[in-house]
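**Student:** Whenever a hint applies, use it, and build me the whole structure from the sequences.
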Amino acid sequence: MNMNHNSIFTNHNSHSPPQQVNQSVSEAINLLTATQAGDLLKMADFIDQHNTYDEHGNTPLHYAAAGGFIDGVSLLLLHHCYVDPVNNIGSTPLILALQNQHHNAALLLVNAGASPFYLSPCRMSGIGLAVMSGDTSLILCMLSVKSSQINRQLALYKIFSDVAISKVVDKVDLLLSTCKADIRYPVFTLNPPLAISATLGDTDMVEKWIQVGAPLERRDTSGLTPLMNAARGGHLSVCQLLVIHGAKLHPEINGQTALSMALEFGHTEVVDYLISQSVTVDYHL
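Counting in this note's numbering, the sequence shown runs from 38 upward without gaps.
These are computed hints drawn from the structure, not numbers from a lab. Heads up, a few of these hints could be off.
[To be verified] Restricting the straight-line Cα-Cα distance to at most 27 angstroms, the calculated cross-link-like pairs of lysine-lysine (DSS-like) are:
hint, residue 1, residue 2
1, 217, 183
2, 285, 204
3, 217, 204
4, 208, 183
**Tutor:** Shown next, in the form of structure tokens:
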């Protein structure tokens, strides 16, 4: 199958990108299948073709990492294979290793220069998978990897969103204290953690996000504020928590406010509360 080489691989570190290898189909299959079979001796016969890829965009390193084939990973790295090839769905060997819980393989890859901060098209990263797994030693190893501040903070910010969905409060402190993630980093292409927790009606997580300084008015990718999300979902306690901490009552999107959304969805308790707060604000003005 003819493939656009540049569409499969993206260079995320200082290693030279893989080159198109002129070889027969059978040779490419032998190398890739030897890796999948865990046949180290057969791999050695074809090791000069270490950067070949199949119709899925997977290289031998993808297969070795995904299968937790440590000797295979070591052999490929020893022969200077490209450490961050991206397959057709945007996954690197590091991501595949962690998805399959092969942390020793992941550690080898990181030490060889694989980027833990590469964010795949489906918003997955090595550092994100490591944080959610709770592997502190691997996390610390990843944090020592040099990377651009933008890539690092974008990947870390995405983990805040993952934590909001999974509702694992203790991961917040890990991100802030150990990973030095910035909860206020200006990311507008991902749903903010506070907006996610407000949408879910998760009072505990909302309180935690507010406590650590999450922006109260940062909108989600649909343009809704956390208060709008809480109001349209009928989450009274979340609305109260947001307003008490200073969330604005009257921001609009397409002419709608948090109050009009609560009214539209029939959440009378939220409507009554927001009206009472609006009257209070108007009175003090």
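**Student:** Given the hint that residue 217 pairs with residue 204, test it: the Cα-Cα distance must not exceed 27 angstroms.
**Tutor:** Holds, because 20 angstroms separates the two Cα atoms, which is no more than 27 angstroms.
**Student:** Does the alpha-carbon distance linking residue 208 and residue 183 stay inside the 27 angstroms limit?
**Tutor:** It holds: about 23 angstroms lies between the C-alpha atoms, which stays within 27 angstroms.
**Student:** Is the straight-line distance between the alpha-carbon of residue 285 and that of residue 204 27 angstroms or less?
**Tutor:** Satisfied, since the Cα-Cα distance of roughly 25 angstroms is no more than 27 angstroms.
**Student:** Is the Cα-Cα distance between residue 217 and residue 183 27 angstroms or less?
**Tutor:** holds, 14 angstroms
Violated hints are absent here; each numbered hint is respected by the structure.
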